[in-house]
Structures are given as structure tokens and as C-alpha cells.
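There are 2 protein chains.
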Amino acid sequence: MQTYTAPLRDMRFVLHELHGGIHDNAEFTPELLDTILEEAGKFCSEVLLPLNASGDIEGCHFENGVVRTPAGFKEAYEAFNEAGWGAVGAPPEFGGQGLPHAVTHLIEEMLCGCNLSFGMYPGLTQGACRALEKHGSEELKALYLPKMVSGEWSGTMCLTEPHCGTDLGLLRTKAVPQQDGTYKITGSKIFISAGEQDLTSNIIHLVLARLPDAPAGVKGISLFLVPKFLPDANGDAGVRNPATCAAIEHKLGIKASATCQMNFDDATGWLVGQPHKGMAAMFVMMNAARLGVATQGLGIGEAAYQAAVAYARDRLQGRSLSGAKYPEKPADPIIVHPDVRRMLLTMRAYNEGCRALGVWVANALEEAEHGNAEAADFVALLTPVAKALFTDLGYECANLAVQTYGGHGFIRDHGVEQYIRDARITMLYEGTNGVQALDLVGRKLPANFGRSLRRFFHPVSEFIEVNQNHPHLGKMVQGFARAFGALQLATGFIAEKGMTDPEEAGAAATDYLRLFGLVALGFMWVRMALIAAEKAPLGGPDAAFYQAKLTTARFYMERILPQAGSLLFTIKAGKASLMELPEAAF
Amino acid sequence: MQTYTAPLRDMRFVLHELHGGIHDNAEFTPELLDTILEEAGKFCSEVLLPLNASGDIEGCHFENGVVRTPAGFKEAYEAFNEAGWGAVGAPPEFGGQGLPHAVTHLIEEMLCGCNLSFGMYPGLTQGACRALEKHGSEELKALYLPKMVSGEWSGTMCLTEPHCGTDLGLLRTKAVPQQDGTYKITGSKIFISAGEQDLTSNIIHLVLARLPDAPAGVKGISLFLVPKFLPDANGDAGVRNPATCAAIEHKLGIKASATCQMNFDDATGWLVGQPHKGMAAMFVMMNAARLGVATQGLGIGEAAYQAAVAYARDRLQGRSLSGAKYPEKPADPIIVHPDVRRMLLTMRAYNEGCRALGVWVANALEEAEHGNAEAADFVALLTPVAKALFTDLGYECANLAVQTYGGHGFIRDHGVEQYIRDARITMLYEGTNGVQALDLVGRKLPANFGRSLRRFFHPVSEFIEVNQNHPHLGKMVQGFARAFGALQLATGFIAEKGMTDPEEAGAAATDYLRLFGLVALGFMWVRMALIAAEKAPLGGPDAAFYQAKLTTARFYMERILPQAGSLLFTIKAGKASLMELPEAAF
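Heads up: the protein sequence lines correspond to chains A and B, in order. FYI, the numbering for the first sequence is 1 to 586, going by this note's numbering. FYI, the numbering for the second sequence is 1 to 586, going by this note's numbering.
Since the hints were made in silico from the structure, they are not lab data. Keep in mind that a hint or two might mislead.
Pairs involving identical chains hold if they fit within one copy or between any two copies, as the list cannot separate such chains.
With a Cα cut of at most 27 Å, we get these calculated DSS-like pairs of lysine-lysine [unchecked claim]: (1) Lys475 - Lys497; (2) Lys219 - Lys325; (3) Lys174 - Lys329; (4) Lys475 - Lys141.
None of these values were measured; they are calculated from a predicted model.
Hey, can you work out the whole structure from these sequences and the hints?
Right under this line is the structure:
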């Protein structure tokens, strides 16, 4: 039996207390935002959570090109759109509610915590809408966006082909211009989430393909909009376009999300953006998708934590090492054991840290969209970190939850093994976490001579400067400063070595991303601790909340952040021991 | 498509070169042992590997109390016994071949690498045989062991009940003595691997239960032999005993291994060993099983490594960061990338290190069984370390293999996602890895005033003393000595703090076990490096093998062992941040 209660108190803390109410205005009062979050939590727990295990067990069905989602998904999807949850982040001009990113981000976290497979359907549509908004012609936007924002039609991203995923320069799908200004698209795509389904009356594929005169490699890729049904004169789904599903994949998890092999066979499409500039348009979608995947990791991490806490309170086994805590019961609940608490606190520290960091990035994205270049730099820098870190940690949470359950965690009925299977994809899609690490060291670090990097390093340095002698938390800040020092040294090492030898940067990439991520979470934790230290002594109903923040912060600093030291050590080891072994010797 | 080639060269290295041919004698010449390993590898690759994916997909079937194993399992099981693989480790007096533990251990590794689910069936039988050998009466041994050794009959371990796993003191199954000297056993057991199956004509359950006059807790538990069919006058399977399977579990992995809910309903049983001393008898089985599970982790780790290497050589994607390595191909194989090599080398360093450590422990077990008390101490100390470390690392290997495959790793057809699902159980059963850690710090460290500990610390100290100024590898030995120093400090910390407060030991347990394990692997790696450094310069066909050992040793020292520093730091943080948070605040 899976369980989920939206962590509303912590969400409010992050939104209003930690990152300041930057979105509070006449339109979005804090009270309104809180109400929206509360309602979203209710919807996710009541409508989506009950379909999570059943959808996993049933999976999607494929027959004669038709995909059927598991029982209940269609009804839930209708309820989801009726309540407007698919439209919360879209611009009002296309029927959206224009909520700030920070809030849609938190809603997504709940959605993914309750039902990651379900979340894929609206999630992909939102990504497609974003790319269309930015790069589509006015006509395409007017014709497609209102129906996609309302959820009547859905969207997909068609990038991967059997022989190319990370290296899109190899892609082969062709687009041939027609006299009427449309294109005929031909090729095979794989791993297309929601490429076919029975939830919507039309599916709008955004497809990467090559024009006949395209240069080789990634500089010859264009983006096309290819609807399943061509819109008729009224803008409704009309003639069937030959964009068909050949099969769906059997996979480890997210079984209720249809992962389709798609064939485009002279399908009619429209160019989105400029010829040969498809990668730029696709990156709009991809960057949003990467932050979305980060949120998926966090969502499952939180669900896993809640499941583990519930079991640790409930399962009676053995006695506390310091003497029976519940002598009237046949045994103590396992939450009395330090090693079980270690697992629970690790999850808690990860989740609350990632939530705080995620909202910081979401706020920056908001500012970036209003023209703040510094904020845009910050988002670019933090996107690969959040994607890889949140998904690695979300998966670790899923594993810790199973470990808390012991052998029972391995059994389907308890519902936690699904978290392992579902979370595992988040480390792989939208660029594997190794690819995120290369993006960080290869593109984002050197970008603009390190300017992006300063968007993170400067606020951290300032914070340390101001708070290192804090009366209560000075020691904690100093501990954090040591980890930040390790990150600075690692950055210098990579900047120097990587300049002359990109393999040196590549050799350090994964460890560096983890070090960066742990320091970023550490920054969130010291900042949260400072707020909690002020408010905990005030007493009242929230005192326990702030006290728990302080304890968890201390746990993070003492038990997680010390990894920074070892990471610096391995980063500085350099590439030699990685590159020395001849290929044949593996 | 899964693939597996037994790592025979490395097995020979560990068996003969690293740990010296302690088993070489007139009966078991090195050549004979090598031939046996080669034949075992062939059998596993040819007969068991092809059933691994199909068995996973089909799973076990349950209908009306009958369990059907997947297609091909019955035939494979017959071939397995016909070739004598189930009997390799059993004593000759019961029809076994009496091979040394080190060799049966390596055979088990191959078995688990090719088909963990299949391996469960003979594996459980072997554990049951061992307990019977040590604690059964001569009559029980004569009646049951020959048929169990030959594989005609199988064995199980019936410990867990729905409300108790780790805490067996809570168990409720009852045994009522009968006038004829037998007992009537009544109770429900869960998670009984191979509790019911269609491979053998009889199943011999070893069941923990309480006699009517039993003291409460673990001191009131006795062990009983309860056959599915009572042997008739000829010793063949006769009347059906009411020991029945009520259901099988749906679970994350090892789907071809039937995990049964068993009901004993006045089933006839025989006492094994002394009344109320069942835990001691069970621990014989459990300790052997823990080392067996360690081997399972290694087996899957090796299979995962091989799968990842094959894919990394085959998959063309992107170009080497130092310029195209295969300009004639559309892209380079991903094995050129440092981050991919990091994953492959991590797996390789884990697997070869665990193989070396596993054989060391197996050799000590051999000596212990010949009356060497020091060796027995060593085995007791290393058993929880090997169980938790090998399975944690095996699971990490499975995950790294999937990560190497990228999105393709998530798809069933590639066969690597199964390794994640199968490996996951090894961290849970036979005592979760957290329970192993508690066993290490709570029982094994303080045992005999630290005498057991010295069985590991002394040889390591001596080695460092002798080799720290080694002309070629002195620096490596010094690096290892630093990690060993961290382990010594951590041990002192736990010994001191844990003496007055067992929760302090509990708080450190998991990190301490990992630190211990990494140092133990490090010891194997420096020792292997020393041998390789002598032999690599000799040239010849093995030069590449020794050179690869040196490179991998260096990788382990530079990239894995530095974790020791952070672990010491977190161990020394103590229990406070774990125990402070009130239960209600989680």
C-alpha cells in the first residue's frame, strides 16, 4: 500500500521563508499560492496515487498500432484537465494560469511522488508547448497551443533513433519540403514517451529531422511539428497522418507510461523555428525537461521517505539498544534503531535540500524569462547539477526505503520496490547523468570565462563571509565553508587541467558534479538552519518544525557533506588510471 | 541478450598465485582444479545462462498448492545434478566430491552470474545439508543426506514468519512432541525460497519452532526437519506431510526462484540438534548462507561488468575528447570516454577485489573446519563484511551496467535491468546489510576482547611494515596504509564509545562496515599489485593480464579507497544527530 501526503509545510517554508515571496503580488498572494498547493496535493493523493501501483501492474497495452493506458488513467486524465492542473504554468494568452515556476515545480513534485507514469503524459505536453511558444510561428501557436494547454491534445519530443541518443548528430530522419510549405517526414524514432496513447484526441509530435540540404552533424538538424491527425478547417483533428506506433517497450519501470517506437512514413509536418536550427529549439524543451526530470527524482524521493517512515514506525522488531522503548509491546518499532534513523534522515536531508535548491532554480528561471541575464546563467549552470543530483539521490532514497522494509521491500504488495524501478529511468533519460556531468564541466564551467560559475560562487562566498561567526551556527557555517573550499579547489583543478586536455575534465566530471551538488545542498541547509535557529526559540505550533530543520541540517553537515573531502581527492587523481588500460584489456 | 564468460584467468590467479595453492595435493592438483572450473564455466554459460532472461520473464507459476518453475528449469536441474555440480562441496561419505571451499565458491560465482534464480535451488539444499551434517543425528544424516547431495531431494530454511524476520525471538511456530519421538509442527512461514517447486521428488524443510516448554525469546527455539513427503520403509518419498505452500510472492527480481508462504499444519518433524538450541544449528546454515549471498553479489557484479564492456565496445556515439579514435566509423565506441571507463573500472576493481577477498575467506573456512581456531575467528569477522560489501557492490555494478547502456539499459531486451532486480535481494536476505553491520560492530569486534579483529589487522600491519618502501609500489602501499590507519582510528573510536553506549556503535555500524570492506579490498589490491609488478615485466602471453592488474590496482587506490577518509569523518560524528529527532517529527 503506497501512501503520500504532500509536504505542504516544507513547501511553504521554502517558497515564502527561505527564498522570500518573490511571487507574492496582487495576483498571487501567499494565501492563494498555498491554497493551490494544498488543492494540488489533495488531487494527487486522492486521484493519482491510487492508480500508481495498479498502473504499474497492468502496464500499457499495444495492439495493431493502438496503445491503451491502464484502467483509470483516462478518467484521471480528464479530471486532471478539468481541474486545470495541466495548464497551471502556461501563459494566459493560450488558456494557461501563468503560475510562477516555483509553484508549478512543487506541483510537479507531488504529481511525480504520486504517479510518475501518469505525470509523463502532461509533462511531455508542457515541454512541447514551451518549445512551440518560443520557436513556433504565430499560426502554429494559435492552432495548437490552446488545445495542448487545455490537455485536449498532447505533445511529444521525438529525438532518439535506434543508433543515436546522446549523439544526435548521427540522426537520419528526413524532411522533404513540399510546394505548399509543409514537409514530408520519414524515419524511425525510439523511446518516444506517450508517442501513442488513448488519453487525447490528437498527439502533436515535435520531431528532429534533416532537410535535404542539411549540413552533416548537429548543425543540420531541424525541428518539425507532426500531428497524429492533421487539423481540419475548424482546427479539429482531421485526416490521419502516417505517424504511427510500431511497438511499445517492455521496461524496468514507469510501466504505465507508453514508451513508443514511432514510424514516420511521409508524414506531413511543419517547420518550427529556422531550418538547421532545430537543436536550439529542442534545447528549450530539453532544458525544461531536465529540470522536470530533476523534480521527478525529488518526487519519488519524498514518496520513498514517507513510505519508509510509515514502516519504521509500524514494524515491531527487536529492542532499542538503549533499553526497551515500548516495553508493553512485543518489540520496539524499528525507528528506534540508529541505523534505521540514518536511512530516514539521509532521505529527509536529501529531499528537503533538493526541494530548497529546486525552488531557487525555479525562481531564477522566472527571472531569466523576464530578461535577467545573470539568472539565466545561474539556471544554465544549475540545470545539469539538479538533473543528475536529484535523480541520483531520488534513486538512493528509493533504495533506502526498500532497505528499511528489509525483505518485505522486495515484495510487490508493499509498493516500495516500484519506486526503485520508476526512479531508475530518471538517471538515464534527457541525457544520462554522466552526460549532465560532461555538460557541467565541458560547457557550463568554461561558459563566458566562468561568469556562470560566479552566479553560484558569489552568493555562497558572501554568505560565508557574513555568517561564519554566527553566535549559534558559526561552527556549522565553517564546516560548510570547508566543503565549499573543496569545491573551489576542484574547480580550479579542472579549469587548469581541462583547458589543455579535455579528457582530464571528462575524468573528473561525475565526481565534480556530485561535489558541486552536495555543496549546493549544503548551502541550502545552512541557510535553512539560520532561519530555523531564529524561529525555533519562538515556540508555538511550528517550533517542532524548525527544530527538526536544525537537527536535519546538523545531520547533513556531519553525515553527508564530509563526502566532499574524498571527492576532491578522487577528482585530483586525474585521468591516468582511467585512460591507461587498453580497450582490449577490459 | 545476456552474455557470460567465466573469468577463469582471474580465478586461477586468485586461487594459485595470490592465495597460494593451499589445496594442491595428490587428490586436487592445480590442473584438476582448473579443469573443474573450466567445465563449470562451460556448463553455466551453455545451460544456465540461456534460461536467465526467459525464466525472469515467465516467472514461477502457482496453482492449487503446486509451484511450476519456468520452462527449461527442470531439464537444467537434471543436467546440473547429472554432471555432479550440486555435490561438488559435499563430503564424499554422502556422495559428494569434497572440493575445497575456495573452488566451490568460484563455481557458485559463475552459477550466480549466469542465473541467480536457478542457483537458489541447489544453494538452499547445500545450506540445509551443512546444518544437517553438523547437527543432525546419524539416522537423519544417513536417510536424508545422500539424496540431498545428489540433488534428488532439495532443502529449505524456514525461519521468517510474517511478524518476525530479524527478530526471531518473536517466532510462534509450535512443535509438540509425540510418543514416537517425532514432533507435530504447526505454524506459518514466509519468504521460503524453494519452499515448493517441481524440480525434486521431495523437499526437506528445516524449520525453526518452539517446544511447549520453551523459554521465551531466541533461547527457546529448536530446529526440526520436516519433509514434504515422509520417507517410507525404503527411504523413498512416501506419505504427504501437511507442509504446504499457500502462495508465492510477486517480487522485484529472482522471479524464477519460488518464494513461498508455507503452512505447517501438524506436520511431522524430527528434532535436529538439542532442544532450544535451534539458533546455534541455524547459524551454521546462516553463516554459510551469508557467504553464499556474498558470492551472489559478486556473480551478478561480474555479469554486469561483462555486459557493460560488451556494450561500451559496440555502441558508437560521439567522439573521443582527444580526437576521433575510429575516424572510419560514424562515431567512436563509447569505451573511449573517461566517464564510461570510470564506470567499467569501478566494476572491475570491485569484482576482482571481492573475488580475491572471497577466496581468502573460503580458504580460512577450510582451515577452520580442520580445527584452526584463528581461521574460525577470521571467518566470523569477515562474514558480515563480505555479505554486505559484496552485495552492495554487486548492486552498484548492476546499476553501473545499466548506466553504461543509457536509456537502452532500462529496456528488458538488453538484459541488464534484470541484474538490478535480481541483485537487489542480496542486500536484504540472510540479514539485511544493516544487520550485518550491527553484527560486525556489536558482536564480531568485541568478540574475545578483539582477538577476532587481530586476525585481520595483524596480517595487514605486517604487510605494510614489509612493503611500505617497495621500490615500485611503495607509494601505493603508503596510500593503502593511510586508509588502514583510518580503519584503526574508527575501530578505536567505536570500541571506546560503543563500550558505554551501544547506540554509538549502532550509529557507526554501516559506515564502519563499508570502511572495513574498502580496506579489505585495498589489501587484496596491494597484494595483487605486488605479484603483478613482479610478473608483468617477464613478458609472454600473460603480460597484459598482469599489466591490467596493476592499472586496476592503481585505479582502486586513487579513485575508490579515498572514500576511507570521509567514512572516518562520518563515523566520528557519533550518534547525536541520528537520535535527536523525536519519532513524531519524522
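Now for the hints, and whether the structure bears them out:
For the identical chains of this complex, Lys475 and Lys497 are inter-copy neighbours only, at 23 Å across copies versus 33 Å inside a copy, given an alpha-carbon limit of 27 Å. For the identical chains of this complex, Lys219 and Lys325 are inter-copy neighbours only, at 22 Å across copies versus 66 Å inside a copy, given an alpha-carbon limit of 27 Å. In this assembly of identical chains, Lys174 and Lys329 lie within 27 Å of each other by CA distance solely across copies; the values are 21 Å between and 69 Å within a copy. For the identical chains of this complex, Lys475 and Lys141 are neighbours neither inside a copy (54 Å) nor across copies (65 Å), given an alpha-carbon limit of 27 Å.
Taken one by one, the earlier hints fail for this structure only at number 4.
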